[in-house]
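Throughout, the numbering used here is defined as the position within the sequence shown, counted from one, plus 117.
Among the hints, erroneous ones may be present.
As the list claims (entries may be wrong) - Ranges between beta-carbon positions, derived for each pair:
1) Leu124 <-> Ile149: 32 to 42 Å
2) Thr147 <-> Thr126: 31 to 41 Å
3) Arg146 <-> Leu124: 31 to 41 Å
4) Gly154 <-> Ala134: 27 to 37 Å
5) Ile127 <-> Lys151: 28 to 38 Å
Hints listed in this document are in silico derivations from the structure and should not be mistaken for laboratory results.
As the structure is a prediction and not an experimental result, all values here were calculated from the model.
Glycine residues also receive a C-beta, built at the ideal position from the N, C-alpha and C atoms.
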Amino acid sequence: MKPRSILRTIEWFPSFAKLEGQDWNEVDRTKISKKTGRPVNVTRRKYIYDAHGEDYDITFDELLSGQYDTVEIES
Numbered sequence: 118m119k120p121r122s123i124l125r126t127i128e129w130f131p132s133f134a135k136l137e138g139q140d141w142n143e144v145d146r147t148k149i150s151k152k153t154g155r156p157v158n159v160t161r162r163k164y165i166y167d168a169h170g171e172d173y174d175i176t177f178d179e180l181l182s183g184q185y186d187t188v189e190i191e192s
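Taking the hints into account, I'd like the entire structure generated from these sequences.
Structure below.
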């Protein structure tokens, strides 16, 4: 990912707002990251896909599965 500008950061605010009230640390133990071997974090991946989906060539369900991870998604 490229370094972020202040304008890009502001563009991400609506993506955070959509997650209000959701558990930022929620994991799905049935879905394991191919890259890290750890359960995927559902809410964080929702944010990542909403804010950065244009950076991915996969669907949200594929991202959520963890099976397409080639880098550490949630870092």
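Legend entry - Violated hints, by number in ascending order, as checked against the structure: Violated hints: none at all, because every hint is consistent with the structure.
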